[in-house]
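Residue numbers (the working numbering), protein chains in the order written: chain F, 1 to 411; chain S, 1 to 314.
Please keep in mind that the hints were generated in silico from the structure rather than gathered at the bench.
It cannot be assumed that every hint is accurate.
Here are the computed lysine-lysine pairs in the BS3-like style, where the Cα-Cα straight-line distance is at most 27 Å [claimed, not checked]:
(1) S:Lys291 - S:Lys257
(2) F:Lys323 - F:Lys30
(3) S:Lys136 - F:Lys323
(4) F:Lys30 - S:Lys136
(5) S:Lys257 - F:Lys323
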Amino acid sequence: MTEQQPAGRPGARPSGSARAALLIAEKDLKARVRDRSALIFGILVPLGLAFIFNLIFAGVSGNSKAISLGVVVADHGQMGQAFTAQVLDPLRHIGIISVRAEPSVAAGRSLAAKGTVSAVIVVPAGFTAAVEAGGPASLTVIESASAPVTGEIARSIAQGYADALNRVRLSVATVASGSAGAGLSPGQLRRIGARAAAATVPVAVSDISAKTKQLDSKSFFAAGMAVFFLFFTVQFGVTSLLEERSEGTLARLLASPIRRGAVLAGKLITSFALGVFSMVVLVIGTSLLFGASWGSPLGVVVLIAAASLSAVGIMALVATFAKSAEQAGNAQAIVAVVLGLLGGTFFPVSLAPGILGKLTFIAPQAWFMRGLGDLRAGSLSVVWTPALALLGFAVVTGAVAMLRLRRLAEV
Amino acid sequence: MPDELVLECHDLRRRFGDLLAVDGVGFHIAHGETYGLLGPNGAGKTTTISMIAGLLERDSGEVTIAGQPMTTKTVQAKVALGYVPQDLAIYPDLSALENLVFFARLYGMSRMQARTRAREVLEVIGLTDRAGDQTKTYSGGMKRRLNVGLGLLNSPSLLILDEPTAGVDPQSRNAILENVAGLSKAGMAVLYTTHYMEEAERLCDRVGIIDHGNLIAEGTRRELVGMVGEADSVALAATGNVAAAAEALGTMDGVQKVSLNDHGLDLVVSDAREHLPALLAEAAARGAAIKSVEVTEPDLEAVFLHLTGRALRD
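I would like the entire structure built from these sequences, with the hints used as guidance.
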């Protein structure tokens with residue numbers, strides 16, 4: 001195998017940095033597609049987990065199919081009617097329950113037994129009179145054996161109303177027994193109690209989903225898993241710099257007529273491209289397969305690009321503290337999991353009370369989830385705040401990473 | 001002459017913490033010359049060529065390749081450089097063709113130019129039949145050949161090979177050595193590091209012996225051997241009047257010592273190649289019938305031992 005050719009090839013010349021970076025990215029992407037690791041972590045695992053979470057939580061989530069309840073109002077008094085008007089109607093209006101009025105307890109019991117409704121709430125005859133007389137408010141719930149979870153929800157609704165009425169009753173009783181109630185006849189006290197009960201909205205029901213701009217469950221888990229695994233997917237580009245160093249190919253790259261910065265840029269482009277590609281596939285996949293609703297495509301693209309940049313910056317920074325690809329992978333996995341949990345990719349941590357609800361925003365994942373929520377509730381312009389926050393993560397961590405990455409680009 | 005030099009390096013120094021890995025190394029290589037850097041593991045060979053190839057910052061010294069100054073930041077000098085690292089620096093998930101095309105494109109070639117050049121190199125290294133297979137399916141020898149081939153893509157003026165035959169089977173090793181010899185014959189300057197004395201003797205026009213980061217000797221094989229004053233050993237298996245032959249040979253030019261043994265004579269001769277015809281003629285004239293001749297020349301191993309007091313592979 002002897003080459004009889006004069007030394008010095010006329011075509012050879014230095015390669016421009018942008019061209020070299022793109023060539024390196026193209027080569028890395030080709031290798032990643034072939035070893036299927038990016039495909040598994042970037043697409044298959046998040047898609048599978050989103051599907052599983054949807055199966056698990058679909059029955060209890062806020063956007064699941066409305067819970068079917070029966071109601072028997074045998075009491076014709078003010079408080080019996082108020083239960084329907086002030087408690088059940090608002091819940092029905094926001095789609096949490098559907099209500100089917102039944103004429104008798106027997107009819108309601110029959111429907112629950114058949115599973116036609118999940119539970120039947122019975123307001124017994126004489127309910128208003130009993131409460132006005134100072135007795136305890138008591139509602140009956142008939143649960144369907146086939147729907148224990150939704151039966152529990154029906155019981156909570158009934159219990160909430162009864163508790164509210166009981167609080168009113170106790171307040172009136174306290175007034176009557178004290179100096180403020182001196183001189184009031186039993187009839188006057190009964191009328192005060194009735195007015196107090198009627199004036200109270202016994203159960204405060206509001207559209208939590210609309211106020212806090214939370215995603216529906218399908219979209220929440222699709223977005224959560226996508227951004228959670230985004231931080232694993234982008235690892236492949238940055239970590240390959242360490243692999244190239246340990247396997248000797250970095251020395252060959254650096255002996256080529258290209259600048260060191262081109263090698264670093266190539267790795268970052270690879271990470272970014274892998275991240276964006278996996279996210280786009282997941283957006284399309286979860287929309288088609290699960291019916292996830294991501295919102296305005298342009299806004300989603302902005303958020304995906306910003307989230308991918310922040311993921312690249314953070315994972316690159318973590319990699320700079322490692323001495324080997326394996327060490328980097330372990331450290332990156334820990335950071336990705338911690339930030340993912342804190343960022344509310346599995347549970348809506350931003351709804352948590354106290355410091356946790358605020359602490360979540362130190363994770364870029366939280367900004368991505370918030371951005372999608374905002375996008376669902378508002379116009380395209382609302383994504384700029386979360387997008388800028390994500391870019392802030394990218395700029396700060398990316399700048400420090402670039403300074404430190406030069407250390408890795410040495411043989 | 002200086003204008004024929006492809007590589008010039010002077011006073012290269014590099015320290016890693018307390019360890020002075022390379023201490024003032026300097027040499028030059030001309031067009032068509034193969035220069036061997038011979039030394040045991042850890043002597044400083046790889047550090048030296050890493051500085052020459054612009055991979056490693058140097059603490060001091062100068063490197064010029066094809067008239068262009070080489071540093072870690074310059075790229076022009078690297079156009080004239082082919083580098084074959086000791087590790088198998090190839091991408092396992094890519095085919096040989098894809099590996100070659102990728103690196104060829106880093107040398108500024110268009111996709112079409114790169115494919116054409118890659119096919120030429122595949123022919124040279126004998127991997128055309130397996131060009132499309134992922135290299136992770138290759139044997140160790142095939143990977144080594146590809147590793148060398150990648151260094152040839154730009155038809156460099158200077159080819160640096162860092163122990164290219166480490167862990168290679170004899171057949172592939174021979175193929176690599178033949179290839180390097182052919183490249184040198186075609187005009188390429190070659191810097192070859194090895195700790196195999198036989199490879200240095202077979203390939204290199206000149207050899208630099210490096211130990212503990214210092215270039216302790218340099219020259220052609222004969223110059224190095226002469227430098228340490230080692231002579232050749234000649235064993236003559238003979239019958240007949242061997243004693244008379246021994247007496248006559250002991251007085252001849254170049255003969256330092258003659259001794260009789262059961263099979264004939266043992267001689268110590270300076271430059272046996274030059275004196276052997278006359279020695280054989282004189283022995284025959286004195287009545288000795290020569291059955292066989294065995295000449296043992298001092299090798300670079302002996303030179304290294306003489307210079308350092310240690311064997312090359314210690």
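Hints, one by one, checked against the model:
1. S:Lys291 - S:Lys257: 20 Å, holds
2. F:Lys323 - F:Lys30: 25 Å, holds
3. S:Lys136 - F:Lys323: Judged against 27 Å, a Cα distance of about 25 Å means the pair holds.
4. F:Lys30 - S:Lys136: 15 Å, holds
5. S:Lys257 - F:Lys323: Distance of about 60 Å is beyond 27 Å: violated.
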